[in-house]
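Engineer: Here the sequence shown is numbered in the UniProt record's numbering, starting from 1 and rising by one per residue.
Since the hints were derived computationally from the structure, they do not count as laboratory data.
All C-beta atoms in this analysis are idealised placements derived from N, C-alpha and C, irrespective of residue type, glycine included.
There's no promise every hint is true.
[To be verified] Each pair of labels, with its calculated beta carbon distance range: (1) Tyr192 with Ala118: 43 to 51 Å; (2) Asp234 with Ala21: 14 to 22 Å; (3) Glu132 with Thr214: 35 to 43 Å; (4) Ala156 with Ala118: 39 to 47 Å.
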Amino acid sequence: MSSDVWPSGGRHLWASGGASAAQTHARGHLVYAATGVLAVRTERGTSIVPADRVAWTPAGCAHRHRAHGDTDMRIVFLPPSLARRIPDRPAVFLASGLAREVLLALTGPHDRDRDRAARARLLRVLVDELRETREQPLHLPEPRDDRLRAVARILAERPADNGTLAELGREVGASPRTLSRLLRGELGMTFYEWRTQLRVYHALVLLADGHDTTRTAHACGWANPSGFIAAFTDVVGTTPGRYRARAAPAVT
1 MSSDVWPSGG
11 RHLWASGGAS
21 AAQTHARGHL
31 VYAATGVLAV
41 RTERGTSIVP
51 ADRVAWTPAG
61 CAHRHRAHGD
71 TDMRIVFLPP
81 SLARRIPDRP
91 AVFLASGLAR
101 EVLLALTGPH
111 DRDRDRAARA
121 RLLRVLVDEL
131 RETREQPLHL
141 PEPRDDRLRA
151 VARILAERPA
161 DNGTLAELGR
171 EVGASPRTLS
181 RLLRGELGMT
191 FYEWRTQLRV
201 YHALVLLADG
211 HDTTRTAHAC
221 GWANPSGFIA
231 AFTDVVGTTP
241 GRYRARAAPA
251 VT
């Protein structure tokens, strides 16, 4: 990993598969993947950060980063006066065109020469932009129940597995009714919604690594690319082809 970091933010260039140790920061921070895909894992779950999203991690929240595809990670720390305007939990936001340009400006080579007042103005613009967008469904909550954790491991290892909840339940020793209740109670999702989120996460990784739409669709359990494209677009907000094109180019 190559890093260029200063007190207000910085830039990390990760090779695909690169990962950080668990860490915490005294200030909350935003991370943005100018290229590639970042996974930000906390005790509450995993936030997925493709090239059109921004992830927020509050102050004092232990977290790990992992890069999927060669990833240009930008990090911006927020002062408490601005951090309190963002949720006090991990979240993912849409990166508007303006938010993206501000993030790049705040983590570019000239930011260290920017005076404090100018940086503060840019940070306020950035937070205002994030508050104008709704949170995006690219946060995978971490199950607490051991049976759900076991199902999650199976689905992560076998994303193309089309087994029913009853079939998966037999593998982990739980009835489908119990698993459905746990999913609603712990994660606020149906089994279909949860598996779709897990599959889209896997698809983001494969696309960032250069796989095409058809191969990714089959690897993630879709029988045909059209169904995959529809599900991916519904969750991510853009087609797999457009996402792959945005994730690949280098940004300086």
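Engineer: Against each hint, give a clear statement of whether it holds in the structure.
Structural biologist: Structure-based check of all given hints:
1. Tyr192 with Ala118: 43 to 51 Å: For Tyr192 and Ala118 the Cβ distance comes to about 48 Å; the hint holds.
2. Asp234 with Ala21: 14 to 22 Å: Once the Cβ atoms are compared, 35 Å apart, the range 14 to 22 Å for Ala21 and Asp234 is violated.
3. Glu132 with Thr214: 35 to 43 Å: holds (36 Å)
4. Ala156 with Ala118: 39 to 47 Å: holds (44 Å)
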